[in-house]
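Just so you know, the protein sequences line up as chains S and X, in that order.
Counting the first sequence from 1 gives a position; the working numbering is that position plus 473.
Counting the second sequence from 1 gives a position; the working numbering is that position plus 473.
Treat the hints as calculated values from the structure; they're not laboratory data.
Note that identical chains are pooled: a pair holds if it fits in a single copy or bridges any two copies.
Subject to a maximum C-alpha distance of 16 Å in a straight line, what follows is the list of computed EDC-like cross-link-like pairs (lysine to aspartate or glutamate):
hint : residue 1 : residue 2
1    : K639      : E655
2    : K525      : E655
3    : K731      : D564
4    : K637      : E655
5    : K712      : D741
6    : K579      : E674
Number of protein chains: 2
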Amino acid sequence: MLAAVIPGHAQRGPGIHQAASILGEMDSGFNAARCSGMTARGILMSDLSQVKALVFDVFGTVVDWRTSLIADFTAWGDKRGIKADWVALVDGWRAVYAASMDDVRKHPERGYVILDTLHRHSLEKLVEQLSISGLNDADLHHLTMGWHRLYPWADSVGGLTRLKTKYIISPLSNGNVALLTEMAKFAGLPWDLILSAELFEHYKPDPETYLGAARLLCQPPEQVMMVAAHNHDLKAAQKLGLKTAFVARPTEYGPLQKYDLEAKGDWDIVAKDFGELATRLGC
Amino acid sequence: MLAAVIPGHAQRGPGIHQAASILGEMDSGFNAARCSGMTARGILMSDLSQVKALVFDVFGTVVDWRTSLIADFTAWGDKRGIKADWVALVDGWRAVYAASMDDVRKHPERGYVILDTLHRHSLEKLVEQLSISGLNDADLHHLTMGWHRLYPWADSVGGLTRLKTKYIISPLSNGNVALLTEMAKFAGLPWDLILSAELFEHYKPDPETYLGAARLLCQPPEQVMMVAAHNHDLKAAQKLGLKTAFVARPTEYGPLQKYDLEAKGDWDIVAKDFGELATRLGC
Chain S
474 MLAAVIPGHA QRGPGIHQAA SILGEMDSGF NAARCSGMTA RGILMSDLSQ
524 VKALVFDVFG TVVDWRTSLI ADFTAWGDKR GIKADWVALV DGWRAVYAAS
574 MDDVRKHPER GYVILDTLHR HSLEKLVEQL SISGLNDADL HHLTMGWHRL
624 YPWADSVGGL TRLKTKYIIS PLSNGNVALL TEMAKFAGLP WDLILSAELF
674 EHYKPDPETY LGAARLLCQP PEQVMMVAAH NHDLKAAQKL GLKTAFVARP
724 TEYGPLQKYD LEAKGDWDIV AKDFGELATR LGC
Chain X
474 MLAAVIPGHA QRGPGIHQAA SILGEMDSGF NAARCSGMTA RGILMSDLSQ
524 VKALVFDVFG TVVDWRTSLI ADFTAWGDKR GIKADWVALV DGWRAVYAAS
574 MDDVRKHPER GYVILDTLHR HSLEKLVEQL SISGLNDADL HHLTMGWHRL
624 YPWADSVGGL TRLKTKYIIS PLSNGNVALL TEMAKFAGLP WDLILSAELF
674 EHYKPDPETY LGAARLLCQP PEQVMMVAAH NHDLKAAQKL GLKTAFVARP
724 TEYGPLQKYD LEAKGDWDIV AKDFGELATR LGC
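The task is simple: from the sequences and hints, build the whole structure.
Here it is in structure tokens:
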């Protein structure tokens, strides 16, 4: 009954519950009736040819956050005259990412907090821990906004551009809407729309994110494919009925990366990069 | 206290209420603190040079819904062998648009209903009223999805493409997310993201839509410009602090259009088309 936890979208009128039950709406979170007269006829549950939209994890899957931030901060620090171990800062920052989102989950009474704000809070603690001195408020803001200035992997833009010709393409990221929008302009990512955890007020891998994306796209989960370099992201998506594609990014966490070096799950597609993904999907 | 009606986004930690009060956050609906360390310094309240994002009304402002639908349905009806007064259907459909959204406002207990669904319900009534016969469920779906297949005005794509080089551009429309996304692919509209009434579960001109857009963009209302061919839309946006641009579309409702033939308000920009708008905004 996951549909019940997604806010809004009650429907009116006769025939709606009937249509919904044909598609098993209450199990999948997809309400066929709300998307106007879509019937069971066109929906084949286990067929990649029915995929209409691809939603992408972004940090690590589409953009190389680690190399980008280290380069950005190193150049900025030199210019600004700030001495710091920027590699330690960047690695430390990402290391507390999951815990910062867990904190939001554990304290619903505080309301949802967007990733920009989590980043800023974590940064303030890290700067103290790493004894980086001389940073004023504008500097801290500039560093936090570094997460809006990330470069894509070499194959990302070309692959997305090909995929966009046949599919709706969107991020489905824990980054907030403004972060993802500014990053897209910075990196030239040709998204059709921006889907963010912020829209659902839940961070991945909470089910509300994957089902919320399918709901906004007016597609059943089976017609949406999650693309990620992280096995746990795909596992959560697959459990809810989404199709899955794994693209390894073995240097995301640097030369000593230990996790997600290869596909560990029964994913619908395993591709070496976005170019191969586009080819496999007929683009 | 409009900020209070927008769900979520409570913040934590000391110093946040302090920062918010500097910017008058509780009056404008913009929470500076949630967007990480942004300070009052960069925000000048009455300066077009501070505009960062343009949000567009879509039906009538960006696309010519009436001509598109009449042409689409006439061609389809001929092929399908359905005789009908398609002009009457299209005009009648749009005539009940405002009432159908009012019905959603008046019945919050039913939950938010997306525009595709309102369109479908209105269509079913109109088909009966106009005695159009021979339409099955798939036909009704096809006609409803006509609102996803609308052509832009001649200047729309060129103007948007220029504006996109300097600004974030997005629809801010009562169309649902899937409708706007599919329309963008159909019509070649180069949006950076899709902002829809659906995301706020309120239809324009409810304040939640304009303030919700600014909130997701992490911009104060003064840095967001609403672009519309409808004076009432701009009036609602201006009241909340957004900048405004009027572009007349004197044939939107056909040759006998009576309203919105000219700007009726103190809008920041009045332009004859999106090309002039781009020029006026330095693109």
